Amino acid sequence: MALKETPVLDFGYDRYDFKDPEQYVYKSRKGLSKQVVEEISGLKGEPDWMRQFRLKSLEIFRKKSLPTWGGDLSTLNFDEIYYYVRPTEKQRHSWDEVPEYIKNTFDRLGIPEAERKFLAGVGAQYESEVVYHKIRSDLEKEGVIFLDTDTAVREHSDIVKQYFGTVVPPEDNKFAALNSAVWSGGSFIYVPEGVHVEMPLQAYFRINAQNMGQFERTLIIAEPGSFVHYIEGCTAPVYSTDSLHSAVVEIIVKKGARVRYTTIQNWSKNVYNLVTKRTVAYEDATMEWVDGNLGSKLTMKYPSVYLLAPGAKGDILSIAFAGRDQHQDAGGKVVHVAPYTTSTIVSKSISKENGRASYRGLLKVHKGAVGVRSSVRCDALLLDETSRTDTYPYIEIEEEQVTVGHEATVGKVGDDQIFYLMSRGISEAEALSMIVMGFIEPFAKELPMEYAVELNRLIELEMEGSVG
Amino acid sequence: MENGTDLEIRNLVVSTGGKQILKGVNLTIRKGEIHALMGPNGSGKSTLALTLMGHPRYLIEEGKIVYKGHNILEMKADERARMGLFLGFQYPFEIKGVMFSHLLWNAYTALKGIPTEDGKKKTPLSPLEFRKLLSEKLKLLEMDESYADRYVNDGFSGGEKKRAEILQLAVLQPEIAILDETDSGLDIDALKIVAHGVNSLSGPHMGILLITHYQRILRYIQPQFVHVMVEGKIVRTGGYELSQELEARGYNWILEELAKETVTQNT
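Sequence order for the protein chains is A and B.
In terms of the numbering used here, the first sequence is residues 1 to 468.
In terms of the numbering used here, the second sequence is residues 1001 to 1267.
Isolated chain B, as found in the complex:
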């Protein structure tokens, strides 16, 4: 039964550069839920994240992505964002000459703006009110006020970039947030701050897909659902205990089990 507020991924097959990466992914995310997507490097986690957001480099061969009852495959990234999706990038891009405050103001206007007669949008906040909102969120992520006027990710360390992604999440408040390896490149203190930020933003109004290679971040952000992706498919789904098992035993036991299953199927 399709719920109008869910993000539903059905039998998604995706290729890029002539190579098939996702080989039939099924996943449903509801508002208020936190899902962790784990898996070895190269299993297709980031491909899923970028495909959900509509990166033009990825070709959908089969399947569909339904969000709020609409098939969003034909929509460009900006339309998906305006419907409520957000992607925290694994490798955020630098844009010289454009200040974070400028990016966020434009984005906030696009997402929350009120349509005006001339077909444009008017931001519901005054510049001063917006600045206040931005200051609050900077404080939440323990970032200096000066970040607002720095150029987007320009000269940022890996950790600073990740923190800035969560800052954008905090300001834009989407309904479904896909966070692609937000934990990588963060030292333990920064990880705690980011996790605290995500936790204080999450709740019944937001669904989160937390993509991670390591279990570490899941100590601070506890998911209700844990999925394991291997070679373009979700091969295991469980509760929080699955992530603990992965931490204790690594990924190899799953790979071995999968190999046995294949053998069984073939005999």
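Same shape as in the complex, but just chain A:
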């Protein structure tokens, strides 16, 4: 009788693990100092208000201590990081003008092809700078602005200044302060009143250099009645030393508007991914976070929504895959400030080998926020005996007239389920991938079809050959 072998699931990284030689225009020296911050601001030719904002943030960063909860940050060395790397002299609006080796990188990642097929606009960030940016001209004519944030600071200073740092102030946490001091790149999106951007806008973030720190800053403003779907993807080559990705994303969704923000994070396993993402939603506005975390060494990320006016709605759908030596500390945060606001949080995690997936969530209802409805659900799937899952659901409710539900499950891939599928002729690897895909189906079905197919392909591909 053959003994049962443990099925293995792994996301293949070969496709993303390639390095370009460093041919940079400018690379800051290692470590963080006032001088580095001033250099970044100077090279960008920023207005004085932004320079002051950065310097103030650096002071806050120095005063703040590291979080004592979440993942292990003891091996993160701030002095070993390159905080600013400028790969090219100038941003381009045609792929043909982007330096050959960088264009090749994004070709291999499938970005220009996706742009041709189903995107309304694309930004491609390589190290610290956005090297390519383009939006369909019809959207531009409707007044939609889709730029890298650096360009937006120069060209739309009035709008940027009004909102920048208001949703996530530098005082929020140590990494928000760090980003505020050294930020570079990221997307700026402004959707005028009533405009629906039907096709998604996408940004792709690529780290190439070793010991790199990438600190993009994204700001999205959806005027009343508008809609936009923004997608971000990210990868990096595999190095033996650590890199740091620490982004700040601020979103303002005004009356009756809707924003969907989809992330497929697939950093290599040497990247610390410490990101602050937050939305404020006004009357009858809807914010949807669709947050997929596949890669990184440690991710600490809790997309959040502050529901500030009646009728506002926040949905957070998050999946995390924690493979060998990975810790995904992810979840979501919803704060019901106003009455008659609704929210859902659905979190799905998969852990294997010694991987650890933690759900960390906060549901808060302020006093006076009557008629709030909220449901939180987190499901964890363990693929073997050494994998780990934890749940930290914080619920703070100051109002009595609310309807709140919370449900959590932990399951293992059952031998019986695998046997059931195998009895139909399906191989063990395929059976496991079907079960895993079924588990994250609520997430996959929210993705644009091309991404769902890619996710499916990633899982299936890696099952083959990994099961004995």
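In short, the hints are calculated from the structure, not lab data.
In this text, all values refer to a predicted model and were calculated from it rather than measured experimentally.
Glycine included, each C-beta is placed from N, C-alpha and C at the ideal position.
Treat the hints with caution; some may be incorrect.
Stated by the list, open to error - The calculated DSS-like cross-link candidates involving lysine-lysine, where the alpha carbons are at most 30 Å apart (straight line), are:
#, chain 1, residue 1, chain 2, residue 2
1, A, LYS117, B, LYS1121
2, B, LYS1031, B, LYS1112
3, A, LYS445, B, LYS1139
4, B, LYS1120, A, LYS412
5, A, LYS27, A, LYS64
6, A, LYS30, A, LYS63
7, A, LYS445, B, LYS1120
8, B, LYS1023, B, LYS1068
9, A, LYS117, B, LYS1122
10, A, LYS445, B, LYS1112
11, B, LYS1161, A, LYS445
12, B, LYS1019, A, LYS412
13, B, LYS1121, A, LYS445
14, B, LYS1023, B, LYS1064
15, B, LYS1120, A, LYS117
16, B, LYS1096, A, LYS445
17, B, LYS1076, B, LYS1064
18, A, LYS56, A, LYS34
19, A, LYS412, B, LYS1076
To be verified - Computed footprint of chain B on chain A; a stretch qualifies when at least three of its residues, placed anywhere within it, have a C-beta under 8 Å from a C-beta of chain B:
#, segment
20, 407-418
21, 432-445
Keeping the supplied structure of chain A fixed, place chain B upon it in accordance with the hints.
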């Protein structure tokens, strides 16, 4: 004389969790034959079914299972399925997020697919042709078209699950079908529909091992052979009349006869 198309079970001794369940089972099933395996609860019928399909929980202590001339004991369930075996489960499992149509498409490809150069398999039917096949079989089992897009057994009643097992049988068309208590949980109308489904699928190209606790289903699916299992052994084999006798007299008379035989042997 071993026939290359038979399923032959020889002196099969099987244990699970340290407990011996099957204590020397012998049985041969040929294509075109319908065998009923009856017996009291706990006699080892389901263990036999799961062992034949290769469930890893069951340990073979002795004996062999030969199918098409190959000893299949070392084969995993998917290989056995690809050789032509099928198990209709007594308790089918739920798989959330996976649609029946998806499961059946993958299974159909694995069983009937044509190998391609890259080591994968290509389904002989186009997605549209497959959908048509699936629709026909749904109709045969009087199941609504919407079942195709429901998640595998998710939220199904006991009866719906059993019907869905026969749907899978109908689509996958194996050579030997083991149906483990397909009748339990079915009301009389559903039983008739399922029996009609099985009858229209059976024929010279398929052998069936129908495992049941009750005689009821045998009114609709008539076996040529009836076996009675008691305490891990097949103790009686006969024709259809044996099942009628069991219906009239229950299992006790067999147990009593067995007790007498034991006494005789001991004296």
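Hints and how they fare:
Proximity of LYS117/A to LYS1121/B is assessed by CA-CA distance (about 29 Å); at most 30 Å being required, the pair is judged to hold. Distance restraint check for LYS1031/B and LYS1112/B: the Cα-Cα separation of roughly 19 Å lies within the 30 Å cut-off, and the hinted pair is therefore satisfied. The suggested pairing of LYS445/A with LYS1139/B holds, with an alpha-carbon distance near 29 Å, which does not exceed 30 Å. For the given pair, LYS1120/B sits about 28 Å from LYS412/A by alpha-carbon distance, which is consistent with the 30 Å threshold.
A distance of roughly 27 Å separates the Cα atoms of LYS27/A and LYS64/A; the hinted pair therefore holds under the 30 Å criterion. The suggested pairing of LYS30/A with LYS63/A holds, with an alpha-carbon distance near 21 Å, which does not exceed 30 Å. Between the alpha carbons of LYS445/A and LYS1120/B the distance comes to roughly 26 Å, so the proposed pair stays at or under 30 Å and holds. Restraint check for LYS1023/B and LYS1068/B: the C-alpha separation of about 24 Å stays at or below 30 Å, so the hint holds.
Under the criterion of a C-alpha separation no larger than 30 Å, the hint pairing LYS117/A with LYS1122/B is consistent with the structure, at around 27 Å. Annotation: proposed proximity of LYS445/A to LYS1112/B holds, straight-line Cα distance about 29 Å (limit 30 Å). In summary, the hint linking LYS1161/B to LYS445/A is supported, as the alpha carbons are separated by about 25 Å, within the 30 Å threshold. As the CA atoms of LYS1019/B and LYS412/A are separated by approximately 26 Å, the hinted pair is consistent with the 30 Å bound.
For the suggested pair LYS1121/B and LYS445/A, the alpha carbons sit about 26 Å apart, so the restraint of at most 30 Å is met. For the given pair, LYS1023/B sits about 13 Å from LYS1064/B by alpha-carbon distance, which is consistent with the 30 Å threshold. Of the supplied pair hints, the one linking LYS1120/B and LYS117/A holds, its CA atoms being roughly 28 Å apart against a limit of 30 Å. Of the supplied pair hints, the one linking LYS1096/B and LYS445/A holds, its CA atoms being roughly 13 Å apart against a limit of 30 Å.
The straight-line distance between the Cα atoms of LYS1076/B and LYS1064/B is roughly 15 Å, inside the 30 Å bound, and the hint therefore holds. Between the alpha carbons of LYS56/A and LYS34/A the distance comes to roughly 10 Å, so the proposed pair stays at or under 30 Å and holds. For the given pair, LYS412/A sits about 21 Å from LYS1076/B by alpha-carbon distance, which is consistent with the 30 Å threshold. Against chain B, the segment 407-418 of chain A contributes 4 residues with a C-beta closer than 8 Å to a partner C-beta. That satisfies the three-residue criterion, and the hint holds.
Note: the segment 432-445 of chain A has 8 residues with beta-carbon separation from chain B under 8 Å; the three-residue rule is met and the coverage holds.
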